[in-house]
Amino acid sequence: MKVNPNIQYPVPTDFAGFLLWQTANKWEKYINLQLKKTDLNQADMLHLISLFHLLQTSSEVSQVQLAEYTGVTTMSVSKILTKLSKIDLVTRKIGSDSRSKSISLTEKGIKILQECANKMQDADKKFFVPKAKPQFINYLNNL
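Residue 35 in this note's numbering sits at position 35 of the sequence shown; the count goes up by one each step and never skips.
Honestly, the hints are just simulated from the structure, not real lab data. None of these values were measured; they are calculated from a predicted model. Incorrect hints may have been included.
Claimed, not checked - Pairwise CB distance ranges, derived in the manner of DEER restraints:
#1 126 - 91: 28 to 38 Å
#2 7 - 122: 39 to 49 Å
#3 111 - 8: 53 to 63 Å
#4 8 - 75: 53 to 63 Å
What the hints assert, rightly or not - Within a straight-line C-alpha distance of at most 27 Å, the following computed DSS-like cross-link-like pairs (lysine-lysine) qualify:
#5 93 - 79
#6 2 - 26
#7 37 - 2
#8 29 - 126
#9 86 - 126
#10 108 - 79
#11 36 - 2
#12 26 - 93
#13 83 - 26
Just so it is clear, CB atoms sit at the ideal spot from N, CA and C, and this is done for glycine as well.
Throw the hints in and build the complete structure from the sequences for me.
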């Protein structure tokens, strides 16, 4: 099928969602480079940071609560937690509601979190702060 040259089609960079998607991908690659020595990636670290945050206000956090907080599917959270559990950064136990699992950070998980959260914060500042911000779309176009 040929594209009709008489019809004007939108340019992808006219869509804020496209620009956000591109920026998120660039940011993810940049963060993953900073975390390379840890064998963790940006998603792993964001889940550790989110879990730590949730545990500050609740004695028990379930996989479902973590999924709701991060906006990630429960299946994706489960896969990430399986990885983090295998490398002894989190534990998963039957929660007070036996239908759910309660997640905790291990001592090793807290130590990695302390090391990597600072790396991520520094990388985040380097990635975003130097960019010009006259308008949101222009800002994303410049990344």
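Now for the hints, and whether the structure bears them out:
Against the hinted window of 28 to 38 Å, the Cβ-Cβ separation of residue 126 and residue 91 comes to about 33 Å, which satisfies the hint. Distance hint check: the CB atoms of residue 7 and residue 122 are about 47 Å apart, consistent with the given range 39 to 49 Å. Under the hint 53 to 63 Å, the C-beta atoms of residue 111 and residue 8, about 56 Å apart, fit the expected range. At roughly 40 Å, the beta-carbon separation of residue 8 and residue 75 lies outside the given 53 to 63 Å, and the hint is violated.
Only pairs whose Cα atoms come within 27 Å are accepted, and residue 93 paired with residue 79 is accepted, the gap being roughly 16 Å. Only pairs whose Cα atoms come within 27 Å are accepted, and residue 2 paired with residue 26 is rejected, the gap being roughly 32 Å. Between residue 37 and residue 2 the alpha-carbon distance is near 48 Å, which puts this suggested pair outside the 27 Å criterion. For the hint pairing residue 29 with residue 126, the CA-to-CA distance comes to about 14 Å; that is within 27 Å, so the pair holds.
Between the alpha carbons of residue 86 and residue 126 the distance comes to roughly 32 Å, so the proposed pair goes past 27 Å and is violated. Restraint check for residue 108 and residue 79: the C-alpha separation of about 19 Å stays at or below 27 Å, so the hint holds. For the suggested pair residue 36 and residue 2, the alpha carbons sit about 44 Å apart, so the restraint of at most 27 Å is broken. Of the supplied pair hints, the one linking residue 26 and residue 93 is violated, its CA atoms being roughly 35 Å apart against a limit of 27 Å.
Restraint check: the Cα-Cα separation between residue 83 and residue 26 comes to about 24 Å, which is no more than 27 Å; the hinted pair holds.
When the structure is compared with the earlier hints, violations turn up for hints 4, 6, 7, 9, 11 and 12 and for no others.
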